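Please construct the entire structure, taking both the sequences and the accompanying hints into account.
Under full-length UniProt numbering, the letters of the sequence shown match residues 1 to 282, in that order.
What the hints contain is simulated information worked out from the structure, not anything from laboratory work. Note that this is a predicted model, so its numbers are computed, not measured. Incorrect hints may have been included.
What the hints assert, rightly or not - Mimicking DSS-like on lysine-lysine, the simulated pairs with C-alpha atoms at most 25 Å apart in a straight line are:
| # | residue 1 | residue 2 |
| --- | --- | --- |
| 1 | Lys-137 | Lys-84 |
| 2 | Lys-92 | Lys-61 |
| 3 | Lys-92 | Lys-145 |
| 4 | Lys-123 | Lys-92 |
| 5 | Lys-88 | Lys-41 |
| 6 | Lys-193 | Lys-41 |
| 7 | Lys-88 | Lys-123 |
| 8 | Lys-61 | Lys-41 |
| 9 | Lys-84 | Lys-61 |
| 10 | Lys-123 | Lys-177 |
| 11 | Lys-50 | Lys-137 |
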Amino acid sequence: MSRKRVRSVSPASPSRIFRSSPIEDRSSTFLAFYSPTLAAKELQAHTDFKSASHRISAWRKPSSQRALNAQPLLATGHDDDGEKYGGKAVEKVLVEMDVEGAVVVARWYGGVMLGPVRFDHIKNSARDAIVQWSQEKERSAKNAKVRKDEAERERLIQALPERDHSIVVLRELLAEKSHQPSSTPNGKSTPAKTPDYSTLPLATLERLEQVRDATIGWILKQIEKAESTQPDTLVADNAAIPTATEIPQALVHSEQPPTKDPESTTNLKSQDGSSSPKPDGV
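The structure is reproduced here in structure tokens:
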């Protein structure tokens with residue numbers, strides 16, 4: 001008969017537990033663990049605390065209840081585990097530092113009673129563990145920002161040459177729409193040399209993208225304006241060009257050779273008669 005396999009509980013990931021530096025005083029040792037996600041009981045069950053005399057814990061977690069102003073409430077609690085008032089001291093640290101999660105402070109009793117100073121050791125251990133988490137969180141945020149900035153920089157290095165090409169194409173289109181002659185012999189503008197964007201910092205690349213986008217937006221508006229006025233211009237141009245049926249009759253008659261003025265013809269005849277020799281006897 002086969003026996004049912006018992007599933008072993010995997011230990012908590014070390015990256016989710018933040019440890020304080022140990023505090024030693026007259027043969028007693030204090031060590032704290034903090035986790036923003038694990039429960040206090042999970043931390044108390046950690047193998048490093050197996051031989052501890054006390055495993056003092058406190059927690060501060062989001063509550064399922066809601067306040068009247070709809071803000072989430074936080075449920076707090078503690079466990080002295082034989083160290084009277086120790087749990088309350090740890091809970092106070094969570095509230096003062098305004099963090100959520102669970103803290104366990106383990107104490108290995110060395111046989112010498114420490115008196116009230118033990119509460120300072122308990123609170124300092126808990127505070128140190130939380131500070132370790134806070135510093136790690138800050139480092140992670142900085143690394144994430146560095147990765148994000150680098151990814152944005154790579155995007156801009158690829159995008160800006162495309163913006164430059166778009167500006168060249170749009171300027172040519174605007175020149176066509178506006179019936180403006182090109183300044184180059186072949187009718188196409190020569191694009192300027194593309195700068196090496198890979199040598200520029202992120203802040204400069206971001207400003208250049210804003211300038212390029214503003215330029216593209218302005219050209220597009222000018223193209224739209226040219227297209228909106230183009231039909232009226234074409235109608236006016238067509239009306240100014242006369243068709244064959246609209247040529248004025250005066251222009252038609254002007255093409256015919258002019259008739260001679262009768263008076264001028266008579267004068268010419270008289271002039272011709274006076275100049276030619278008359279026959280004898282007339």
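* **Hint numbers not upheld by this structure, sorted from lowest to highest** => 1, 3, 6, 10 and 11
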